[in-house]
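There are 2 protein chains.
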Amino acid sequence: MTVDRSKAVVLLSGGLDSSTILAIAQDQGFDCYAISFDYGQRHKFELESAKKVAAKAGVTQHIIYQLDTQAFSGSALTGAVDVPKDRNEGEMSAGIPITYVPARNTVFLSAALGWSEVVESYDLFVGVNAVDYSGYPDCRPEYIEAFETLANLATKAGVEQGAPYRIHAPLISMTKGEIIETGTKLGVDYGLTHSCYDPSLEGVSCGHCDSCQLRLKGFEAAGLTDPLTYAD
Amino acid sequence: MTVDRSKAVVLLSGGLDSSTILAIAQDQGFDCYAISFDYGQRHKFELESAKKVAAKAGVTQHIIYQLDTQAFSGSALTGAVDVPKDRNEGEMSAGIPITYVPARNTVFLSAALGWSEVVESYDLFVGVNAVDYSGYPDCRPEYIEAFETLANLATKAGVEQGAPYRIHAPLISMTKGEIIETGTKLGVDYGLTHSCYDPSLEGVSCGHCDSCQLRLKGFEAAGLTDPLTYAD
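Heads up: the sequence lines are chains A and B, in that order.
FYI, in the numbering used here the residues of the first sequence are 1 to 232.
FYI, in the numbering used here the residues of the second sequence are 1001 to 1232.
Once the Cα atoms are required to be at most 30 Å apart in a straight line, the calculated DSS-like pairs of lysine-lysine come out as:
hint, chain 1, residue 1, chain 2, residue 2
1, B, Lys1085, A, Lys156
2, A, Lys156, B, Lys1044
3, B, Lys1156, A, Lys217
4, B, Lys1217, A, Lys156
5, A, Lys44, B, Lys1156
6, B, Lys1156, A, Lys85
Distance windows between CB atoms, simulated:
hint, chain 1, residue 1, chain 2, residue 2, range
7, B, Glu1120, A, Ser200, 26 to 32 Å
8, A, Gly203, B, Ser1173, 50 to 56 Å
9, B, Ile1064, A, Glu160, 29 to 35 Å
Hints listed in this document are in silico derivations from the structure and should not be mistaken for laboratory results.
The beta-carbon is built from N, C-alpha and C at its ideal position, and this holds for glycine as well.
Using the sequences and the accompanying hints, generate a full structural model.
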């Protein structure tokens, strides 16, 4: 049996990385189904960006998947702990960040896997990156490989279609600068995306959290100007 | 560092199998945290059973985790397709049943994994069984092993505590009769559990769906009487 490789499910947070992988998947000819997650993140503004990015890209379907927040407490991205600001590279790369959310990518990929069986897609795109932000365990290549193995064992499609699942992580070895260069060539409008972890500015970016700093450094490395508005 | 093995997270559907693993985990000395899932199953009565079983067992905490049903369509357990009745063993074991729910155990185990990091438990108990109901891909030993590998790669605890996660599937090679014998010895009150897939009888069991038939056959094999009330 030939596996239908016309459709891809793309995990779309609304940030810079995931907006780039959507463009990459489309450039590779996939008919894209985007899935975003509401997991009680304080920077919920990113979901508005996800909607804009999905609409501009003309995806076939975009769903916002509601996650039960009971299992997501304890992170600076969901709880009462403050998002760290103005950390240097050494601080950012020291261990696992407090913005780590328990088993987040596993929960996201599992939901995407279920949906992919429903829409009959066997190609999942995820914007994980192991270079700039190496602290997250679920952004490493060995993690992505383990999930691909699991996906093919876990599912009806895996059994009946000879392990058809492929987890695509095209950004995994790129620097932020390379990601921005790639997306810019593919026509991504980074002005629609959102990266800031600070929820207090209602969509304006703080410029000081880890995510803003990595983003700004990436644009600088790419020799490009970030189209977003920053608070200072 | 010594891994804290005092607590276990137990996936508790309210059915016969998961009620038995809760008793097994407690018998092994674990302080148990039970997690049940509302995934739009039509036989929602099982969640009431889960509450009763968890309360009787005296678990430390019991949560009902709400899953977004957008990624769960297409199964006889969640959709408009009728639950099959009065199938013989040959029919039941032919391929993957229409009661298959896309990536269900992966979604359940991922949520449980996230919660386990929050409560600081590294032992997850799941009542999968590969003998009586071999049609589900996510009930096979190789699937459980793959998830254990993933759990240790995916998490902060996995990285910082040297792959502490253990996925316990003590029923995986047991017949339904052996499961019932084991649970009975451990004092499980099977009168509190619920197995029937038919939602129309409001908690009374139909006796004809695959789940009821396997249950009844199991009690017969164990030489015991099922305490549940059946419709006929």
